[in-house]
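Novice: Using the sequences and the hints given, assemble the complete structure.
So the protein lines, in turn, are chains A and B. With the first letter of the first sequence counted as 1, position 63 gets the number 63 in our numbering; the numbers rise by one all the way through. With the first letter of the second sequence counted as 1, position 300 gets the number 1300 in our numbering; the numbers rise by one all the way through.
Hints are supplied without guarantee of correctness; some may be wrong.
Restricting the straight-line Cα-Cα distance to at most 27 Å, the calculated cross-link-like pairs of lysine-lysine (BS3-like) are [to be verified]:
1) Lys-1145/B to Lys-1048/B
2) Lys-1141/B to Lys-1262/B
3) Lys-148/A to Lys-1014/B
4) Lys-1039/B to Lys-1141/B
5) Lys-1141/B to Lys-1048/B
6) Lys-1014/B to Lys-1039/B
7) Lys-148/A to Lys-1141/B
8) Lys-1141/B to Lys-1014/B
9) Lys-148/A to Lys-1048/B
Output of the computed footprint for chain A on chain B, the stretches with three or more beta carbons under 8 Å from beta carbons of chain A [stated by the list, open to error]:
10) 1076-1084
11) 1096-1105
12) 1108-1119
13) 1221-1233
14) 1270-1283
Note that these hints are calculated values from the structure, not bench results. Given the structure is predicted, the values throughout are model-derived calculations rather than measurements. The C-beta atom is built at its ideal place from N, Cα and C for all residues, glycine as well.
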Amino acid sequence: MPLPCARCRMPLPAWELMNGDVAVCTRCGSANTVRAFPAALAPANAPARQELALDGEAACFDHPNKRAVAACQQCGRFVCRLCSVEFGARILCPSCVAAGSGIAKVANLQTSRTLYDSIALIAPLVTLPVWPFTLIAAPGAMVFTVMKWSQPISLVRRARWRFVLAFLIGLAETGLWIWGIVYAVAAARAGK
Amino acid sequence: MGQMSMTQTDRYRKLPGFRRGILRGASVWTGGDHLLSVKSYRFREDYKRFHLRDVQAIVVASAPRFHISTRSLFIGAMWLFAYLAVRARFELLTNALYLVAAILVAAWLLISAAFSCRCRILTAVSLEELPSVYRTWTARKFLAKVEPRIAEVQGRVESNWAEVLEASGAARALGLASAAVPANVNSAARSHTPVSDLFVVTLFVNSAAMLLTLHSPATLVRWLASGLLLVELGAIAGIFVQQYRGILRSGMPRLAIAAVIKTGIAYYIGLLMVSFAAANNPGVDRAALLALSPYILLRQINACLDAVLGLVGAWVAMSSDRFTD
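Specialist: This is the structure:
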């Protein structure tokens, strides 16, 4: 497979790659530092030849004429080479992976997550310049924090200090509102 | 079928490089048997996993990257606070601050132009950029951390790997090279459309109208300016729609974003100026307030910025392949 220039994605010329670790792109002129690994030299993954199951041999659950190469470690069904899904050291069938049950359930295949803690934190802060909105945003942030506290947040950062901070800011703003309203009512009564 | 790994119990460890923007960020982490590229969009994170056994190559190309990180914004804010604190009292310190600003800007330009890079990770099915690795020293540290880990899984590559790759790749090049060809080669997206042309023209007309009517307090002039602004905003909306539909390349939408930000900032600064002026000059009508010199200066700056944006827009419209995704 031709290695591309990281800047313009044009394939780097072979003679540049043979010169050493740095290859200059002939299109954009960028100096590319290339680190190649054995996977680049491995033959392309040709579709594995499906061996036919002979009489008396175990056959794949989904492909009855194909020879089974393993059994699903979740449900026990036989799977052919095409259907076997390697899950770390285990092998599962496509149905168990799709159902996300058992072993497959613990595997994290998520590609996206919503950061509820950031949403909770931004609500009471972003409304500060238009402070009347904090009357809604501050208690809203507190309720949101309580509701979403147990929801998974980022895959990589696990601290929940944003939730704590959002709750404290919401609490402070709500407290100020209560104090303001009480003060205004008291002042109005004193004025009478 | 493909191979997957159990990552629930993995503790991710951060790899060198962290791109922190105002709205977007990126980082790369290492899990048990894979690298995890994280792209943050303030309230959402997108993940991409690269299994160590699948990584074919990591390529780092020198490329200018004029990224304004939150760190540089923080430094800029600190400078501004220091400047506001000392400007009226200590002339020497003020001059020193100007020097510091010049040094900071020069350093940022130098680093962005000469010590920046683009890093891509290549597997059999993808060629992904790692946005967090955008400075050359970060790329060096990143490679130093990642290379041994991949080598642990895959082993070391032969010394004459380029020749082997060339020999083995010759047979497959036809099929796979298409994946590496840049998108813009076959892209149907255009660098300009009638809507984007209208946007650029509006920028020039706005600029000219503002400069010609700087000292005019007439209501008609204000209505004219508002009308032009509406046309500009309409064209900007059209540009975003066209980019979403794949008709327009990314250069013009970026310019549109810059114009929106500029307009927003100018509007709020103008509003603040008029409010302060009204507070300091009670009883003076709005037309007279708009004729005050700070507001005139703001309009001059606004007009110049519109002209600059218009010039950039004209350049983007005429360039065929500079601004591509």
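Novice: Would you pick out the hints that fail for this structure and give their numbers low to high?
Specialist: 2, 7, 10, 11, 13, 14
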